[in-house]
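**Student:** For the record, the sequence lines run as chains L and W.
Residue 11 in the numbering used here sits at position 11 of the first sequence; the count goes up by one each step and never skips.
Residue 1168 in the numbering used here sits at position 168 of the second sequence; the count goes up by one each step and never skips.
A few of these clues could be false.
Derived pair list, reagent style DSSO-like, types lysine-lysine, alpha-carbon separation capped at 27 Å [said to hold, decoys possible]:
| hint | chain 1 | residue 1 | chain 2 | residue 2 |
| --- | --- | --- | --- | --- |
| 1 | L | Lys-118 | L | Lys-207 |
| 2 | W | Lys-1160 | W | Lys-1232 |
| 3 | L | Lys-149 | W | Lys-1160 |
| 4 | L | Lys-77 | W | Lys-1106 |
| 5 | L | Lys-207 | L | Lys-304 |
| 6 | L | Lys-207 | L | Lys-122 |
| 7 | W | Lys-1232 | L | Lys-149 |
| 8 | W | Lys-1116 | W | Lys-1106 |
Ranges of calculated distance between the beta carbons of each label pair, as one might list FRET restraints [claimed, not checked]:
| hint | chain 1 | residue 1 | chain 2 | residue 2 | range |
| --- | --- | --- | --- | --- | --- |
| 9 | L | Leu-250 | W | Glu-1240 | 30 to 40 Å |
| 10 | L | Thr-247 | W | Asp-1166 | 21 to 31 Å |
| 11 | W | Glu-1122 | L | Asn-155 | 35 to 45 Å |
| 12 | W | Ile-1233 | L | Leu-138 | 18 to 28 Å |
| 13 | W | Leu-1293 | L | Val-52 | 36 to 46 Å |
| 14 | L | Leu-297 | W | Gly-1190 | 47 to 57 Å |
| 15 | W | Glu-1108 | L | Leu-297 | 42 to 52 Å |
| 16 | W | Glu-1264 | L | Ala-48 | 38 to 48 Å |
| 17 | L | Val-52 | W | Glu-1122 | 28 to 38 Å |
| 18 | L | Ala-41 | W | Glu-1280 | 46 to 56 Å |
| 19 | L | Pro-187 | W | Thr-1095 | 53 to 63 Å |
| 20 | W | Asn-1158 | L | Met-245 | 14 to 24 Å |
| 21 | L | Met-245 | W | Glu-1280 | 43 to 53 Å |
Listed next, the stretches of chain L that the computed footprint assigns to chain W, with coverage defined by at least 3 CB atoms under 8 Å from CB atoms of chain W [as the list claims (entries may be wrong)]:
| hint | segment |
| --- | --- |
| 22 | 146–156 |
| 23 | 233–245 |
Just so you know, the hints here were simulated from the structure itself, not pulled from any lab data.
Yeah, the Cβ is synthetic: ideal placement off N, Cα and C, and Gly gets one too.
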Amino acid sequence: MRTPPSDGARRLGRTTTRRAAEAVARAIIHVCGWLAIVILAAIAIFLAWNSVRAFGEAGLGTMLSETAWYPTSDPGKFGMLPLILGSLFVTGVALAVSVPVGVAAAVFISEFSGPGVKDVMKSIIEFMAAVPSVVYGLIGVAVVIPLVKDVFALNSGMTALTGGIVLGVMSLPTVISISEDALHAVPFDLRQGSAALGNTRWQTTFKVTVPAAGSGIFAAVMLGLGRAIGETMAVLMLTGNAAVMPTTVLESVRTMTGTIAAEMGEVVQGGLHYSVLFAVGLVLFAITFTINLAADLVLERQRKRWRR
Amino acid sequence: MDLRKFVAPALAALLLAGTMALAGCSAEEPASEAEPTAEGAAEELEGSITVQGSDTLLNVATAWSESFMDENPGVDISVQGGGSGTGIAALINGTVDFANASRGIKDEEIAEAEGKGMDIVEHSVAIDGIAVVVNPANGVSDLSLDELGQIFRGEITNWKDVGGIDAEIVLLSRDSSSGTYEFFKEAVVGEDFEYAASAKLLPSNQAIADEVTANEAGIGYIGLGYLTSDVKIVAVDGVEASVETAADGTYPISRYLYMYSDGEPQGVMAAYLDWILGAEGQQLVEDEGFVPLP
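Let the hints inform the model, and build the full structure from the sequences given.
**Tutor:** Right, here's the structure in full:
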């Protein structure tokens, strides 16, 4: 018992300072958290505000159901359906490429590779995500377009398939890293329990670990889908951009993103065409927002399942 | 989900975007100083000019500005692309002095400018001939304007109908908002018709040249400045596209390229425009593959 009062006072002082610092930090974090929501809302409002003229003069129903996209004709024809279908075709192909390859790669990295291999693979995948999309586009022009043309004996290699293949490769990093996180999050007890019951490593992986991480893998696929549907530069270079109603993936398609990128520079700013491009952006925003929301809800379900 | 993985790149991107936005702002600032103070002293021009617009004109506009600045060290000219619409919008917003355009200004744009009390003046600065190109292996070397129209409207779909091999024609066009697309539509496809929906719309002259080079059944159109030896020019109504035939008017698919200003240019802007329309400026037009004004 030396000088408890002064010691206590000092401790009290330090705690007060620390509390104040914490309060400030908490306030900053709160503002940042809300800022993200404010920005998202601002984007939605901005798109909607600029689309008002398109809704009024071209009509949302007309735009979503008509099939002719001749925006610079007089009067302009603003049928968005070929663009929406174009985006869906390309994204469908991208998923068909990225899901099997991506999930298999994630299973390998998480369950079958040693620590050294795992680190190397993860860095390579992060590097893949860092390659600019125009570079993927150039590789697609030089390699994938001629390949698709020759393999399917087409008159042109600029097709939904070409764009989809390259987009699939581009969305691999998203699918792999998030699937791998989901597999990693599966409690080790489950694997041990499975092994204790006499299952082999393969059986454990495919009957226990992968199903347990199922919703996380689903979320990875949804985020990969969001990545693919929003990509612009590579599809602009690879799909031929003909605004036809596609019936197979071996036809040229025009995507929503490609349309906005190609046409925004030349339109009369504030004009009807300009406004219609914002409406295309709004539709795209609605689609990607829904996809991301669905993925988040599924991820949340997975987190709850393993919370103890 | 490991948040750190996503936060770091996002922050980096934000930082980059911020830097670029700042750079963009500072580049536009000199616009207000365009009014020169030098009077009558042609040797001692001072001031700054900002130009924005058509990507078709970008190369030649850059060449003009570099030569002009070499001759007049006191003058600072900044040139940006982005498209004709972007340039005209910037002119109407007062952020640039000249807008480059590969299409004529539209009524909507004139009305908007008049609403702001502006008087937009058009200056023709060069002529662009649009060459119709096919793969060198293609046997077809001459098409009439009428046949071209039918091809691009999708009424003729096989090369054998115009004297070529039995193969489906692959239509290659510039993107629908490019000035070249609209001009080619007026001159070839026809005002009241549309391009065939199957026409592939490519983002640049270079993309069309590349695809025609690679695709034996392809046909496209590109500016004279982008012709390479890997593509074959198709004569239209018996006239082959060249600087000479576009300049004397015998080649049917050629158009003017424009610069727009608010009111008649004064001072350093007038000097720059005169220089562009003079011998040196028009020589650069020819060097960049366009056609000088007659």
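**Student:** Is the distance from the Cβ of W:Asn-1158 to the Cβ of L:Met-245 consistent with 14 to 24 Å?
**Tutor:** For W:Asn-1158 and L:Met-245 the Cβ distance comes to about 22 Å; the hint holds.
**Student:** Verify the CB-CB distance for L:Ala-41 and W:Glu-1280 against the hinted window 46 to 56 Å.
**Tutor:** 54 Å, holds
**Student:** If you draw a straight line from the CA of W:Lys-1232 to the CA of L:Lys-149, is it 27 Å or shorter?
**Tutor:** It holds: about 21 Å lies between the C-alpha atoms, which stays within 27 Å.
**Student:** Is the distance from the Cβ of L:Leu-250 to the Cβ of W:Glu-1240 consistent with 30 to 40 Å?
**Tutor:** Taking Cβ atoms as reference, L:Leu-250 and W:Glu-1240 lie about 36 Å apart, which means the hint holds.
**Student:** Given the hinted pair L:Lys-149 and W:Lys-1160, is their Cα-Cα distance within 27 Å?
**Tutor:** 21 Å, holds
**Student:** Starting from the range 18 to 28 Å, see whether the pair W:Ile-1233 and L:Leu-138 falls in it by beta-carbon distance.
**Tutor:** Cβ of W:Ile-1233 to Cβ of L:Leu-138: about 27 Å, so the range 18 to 28 Å holds.
**Student:** Taking the Cβ atom of W:Glu-1122 and the Cβ atom of L:Asn-155, is their distance within the range 35 to 45 Å?
**Tutor:** 42 Å, holds
**Student:** That 43 to 53 Å hint for L:Met-245 and W:Glu-1280 (C-beta), does it hold up?
**Tutor:** Between L:Met-245 and W:Glu-1280, where Cβ atoms are some 52 Å apart, the hint holds.
**Student:** Within 53 to 63 Å: is that where the Cβ-Cβ distance between L:Pro-187 and W:Thr-1095 falls?
**Tutor:** 59 Å, holds
**Student:** Looking only at beta-carbon atoms, does the pair L:Val-52, W:Glu-1122 fall within the given range of 28 to 38 Å?
**Tutor:** 31 Å, holds
**Student:** 38 to 48 Å was suggested as the range; check whether the CB atoms of W:Glu-1264 and L:Ala-48 agree with it.
**Tutor:** 41 Å, holds
**Student:** Do W:Glu-1108 and L:Leu-297 keep their Cβ atoms within the hinted range of 42 to 52 Å?
**Tutor:** At roughly 44 Å between Cβ atoms, L:Leu-297 and W:Glu-1108 fall inside 42 to 52 Å, so the hint holds.
Hint violations for this structure: none, all hints satisfied.
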